[in-house]
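Chains W and H are the protein sequences, given in the same order.
Just so you know, the first sequence maps onto residues 354 to 434 in my numbering.
Just so you know, the second sequence maps onto residues 80 to 686 in my numbering.
It should be emphasised that the hints constitute simulated quantities derived from the structure, not laboratory data.
Treat the numbers as computed from the prediction; the structure is a model and nothing was measured.
Be aware that a few hints might be false.
[Claimed, not checked] In silico BS3-like links for lysine-lysine, alpha-carbon gap of 27 angstroms or less: (1) W:Lys361 <-> H:Lys619; (2) W:Lys360 <-> H:Lys619; (3) H:Lys522 <-> H:Lys465; (4) H:Lys465 <-> H:Lys391; (5) H:Lys466 <-> H:Lys416; (6) H:Lys420 <-> H:Lys466; (7) H:Lys618 <-> H:Lys298; (8) H:Lys416 <-> W:Lys360; (9) H:Lys280 <-> H:Lys298; (10) W:Lys361 <-> H:Lys465; (11) H:Lys438 <-> H:Lys466; (12) W:Lys359 <-> H:Lys668; (13) H:Lys648 <-> H:Lys299; (14) H:Lys619 <-> W:Lys359; (15) H:Lys618 <-> W:Lys360; (16) H:Lys668 <-> W:Lys361; (17) H:Lys648 <-> H:Lys676; (18) H:Lys438 <-> H:Lys416; (19) H:Lys648 <-> H:Lys668; (20) H:Lys391 <-> H:Lys466; (21) W:Lys359 <-> H:Lys618; (22) H:Lys648 <-> H:Lys619.
This is what each chain is made of:
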Amino acid sequence: MLDYIKKKIAWLVLQYELITCLNMFEPWEQMCLNATVLLVVSLVSYSSYVYLPHYIMSLINSAWSVVSSGEERVEYRFESG
Amino acid sequence: MKVGAFREPERLMRREVAVVPKVTAGRAERCGYEDEANGTVTVGETCRRPNMATEGLLSDGAHQLKTFAVNGKHALNVVNGKANGVVHSKKNGHVTAHCNGTTTGVPQSEPKKKPHSKESFEEVPLVTAVTTYMGFYLLVVLGYLNQFLFAPPVAKERNRKGYVPLYNRFEQFYSRYVYRRIRDCWNRPICSVPGAEVVLKDRITHDYGWTFQYTGLEKKCLNLGSYNYLGFAEATGQCAEDSIQSIKKYACALGSTSHELGTSPIHLELEETTARFLGVEAAITFGMGFATNALNLPCLLSPGCLVISDEKNHASLILGLRLSGATTRVFKHNNMKNLEKVLRTAVVQGQPKTGAPWKKIFIVAEGVYSMEGSLVHLPEVIALKKKYKAYLFLDEAHSVGAMGPRGRGVLDYYGVNPHDVDVLMGTFTKSFGSAGGYIAGSKELVDFLRVNSHAACYASTMAPPIAQQIITSMRIIMGEDGTNEGQKRVMQLARNTRYFRRRLHQMGVIIYGHEDSPVVPLLVYMFSKIGAVVRTLAKKNIAAVGVGFPATPLMEGRIRFCLSAAHTKEQLDNVLDVLEDIAETLGLKYSQLPRYKGVIQYEDENK
Ligand SMILES: Cc1ncc(COP(=O)(O)O)c(C=O)c1O
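Next comes chain W alone, as it looks inside the complex (with noise of 0.2 angstroms):
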């Protein structure tokens, strides 16, 4: 099990690897390229950790308002259809 695991990142390092070309690149490049992505990775992860949840109970919220609110326009999507 845990060298099936081992194998499969193994496998997907080299997909990284041949997807960012990082195998033909100096090693300095490739440092640049893999810092690059991390911080990238870490700024999305970090951004969707902090604000995602604020952001999506926001918009359930606005969005619920709609619906509890919007009895007409139900009513009018009902006769259109």
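Mind docking chain H with the ligand on chain W? Use the hints.
Relative to the frame of chain W, chain H with the ligand by itself:
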């Protein structure tokens, strides 16, 4: 009949001036495929020639006529080769770009299921396309960054203030910062004859491909990179012995042009043998295949002529067309609908600005396309050429020797009469294991070229041992050496080709081209994968050639395998096992076509 479009070429024909090709066209029609009496045949001798036309092919004559009848009638919508008795596998699920004129470009063309097609150009999966471009942009961006930060360790021009750069900037950047990174995969020095196996010299780089050092080691690899289709690249055997003898008889080289002191009996023999081999009247040979195209096309064409050229034509053809100054229109690769459309439009509209009729119209195509592995749809092209009264220039560089039941090229493969093609061009560099090129056709054509061609006039002739290698190998293919060695080689190549292609297809990788073409491009798309695959193959003692931009479109990096009659089934199995491994780890199994589940058999020797 399509009205205006059909009348127009006839008018062209009467106006046109060149003697040589005219006669050829006239004769082709005399051969009995079109009854229509042709007014353009003016040279008295032509009456005799139709007999000669079939004479050389008599053994196959009836068969050929029949095949042509089959192909010719349905020319535009029949996939040919069936008449040749070649088995083709429906199970392989090959998909075609053949005749789907509505789509754009070959690789992008919508794969339509046509079970009877033997040609395949599968579309690239979207994800792969996106990642390929992303990888390329990364390479370019980091390349520029690298160039900006560190001065490249190359010679610089000095004292050139105020001059514009002499060399193309992007090309330079590309070769330094993209190509250089995988440069170890190309230009490998070899130290043996490139037969079925080749000895590669080991080298290493300490500065990421800027320079290389030899380690002093050598490595024997299976050779899948040479155009050694019939395995005539040998250091021993009949060919080698004869070549050595010819040095003793005629010296190493003549060092003069064929107009001056460069013609010796061996050259005449070579030309005679070539003509006999191809079943035409005459042939002229040159010491270099590239120059054969580049320097002879301008002889036949001039400004005011129209050339309709396949988009995947070889650089030598393109150079020849540019040198000639003729107007060039391009048709989509192997797309007959598009060819007809381009032809028709050009004929109807005439020359740009003046609208005058074209002096002459040439269709330029290749037999086997070396980067796509596809085959020209010859019967359809010939039908179109006859319909619009255009001339056909066929470059058989990769197909002569390698295709057809008798190894005489695509004409033999489709069973087409050689006289239907006006100019037959080919090279000796591939199947014959030698060097040089030929142009074959009617005697008038050859005589015209002999007098007018720059290659005949200024280039030194072929070296005698080289010529002898061709003569001997041609004789072997024709069976004139009294054995069936040649026939065996042709069959072996055909078997190898079908086996290798079917196995690859079953593996789920994308391969391009025709089922019977010995050039097998395996699509890997990404730059990084070209390098990775070639390096891994080399590690497993297999030498193959990677091809990337600019030789192919940016997105379509590929590995090209060239099969040979010298390969055995065991060797191919070895390669296929390694490839299976590589395809799994590197993720090359892009194909979304249904695969054949059963076991693929290597065909029997006597089949
Ligand atoms: C289609 C075609 N024509 C011409 C040539 C040039 O032949 P040579 O290599 O003998 O100069 C080639 C060579 O690769 C080719 O592929």
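Now for the hints, and whether the structure bears them out:
no.	hint	result
1	W:Lys361 <-> H:Lys619	holds (23 angstroms)
2	W:Lys360 <-> H:Lys619	holds (21 angstroms)
3	H:Lys522 <-> H:Lys465	holds (21 angstroms)
4	H:Lys465 <-> H:Lys391	holds (23 angstroms)
5	H:Lys466 <-> H:Lys416	holds (14 angstroms)
6	H:Lys420 <-> H:Lys466	holds (13 angstroms)
7	H:Lys618 <-> H:Lys298	holds (10 angstroms)
8	H:Lys416 <-> W:Lys360	violated (50 angstroms)
9	H:Lys280 <-> H:Lys298	holds (6 angstroms)
10	W:Lys361 <-> H:Lys465	violated (59 angstroms)
11	H:Lys438 <-> H:Lys466	holds (17 angstroms)
12	W:Lys359 <-> H:Lys668	holds (22 angstroms)
13	H:Lys648 <-> H:Lys299	holds (18 angstroms)
14	H:Lys619 <-> W:Lys359	holds (24 angstroms)
15	H:Lys618 <-> W:Lys360	holds (21 angstroms)
16	H:Lys668 <-> W:Lys361	holds (17 angstroms)
17	H:Lys648 <-> H:Lys676	holds (20 angstroms)
18	H:Lys438 <-> H:Lys416	holds (24 angstroms)
19	H:Lys648 <-> H:Lys668	holds (23 angstroms)
20	H:Lys391 <-> H:Lys466	holds (24 angstroms)
21	W:Lys359 <-> H:Lys618	holds (24 angstroms)
22	H:Lys648 <-> H:Lys619	holds (17 angstroms)
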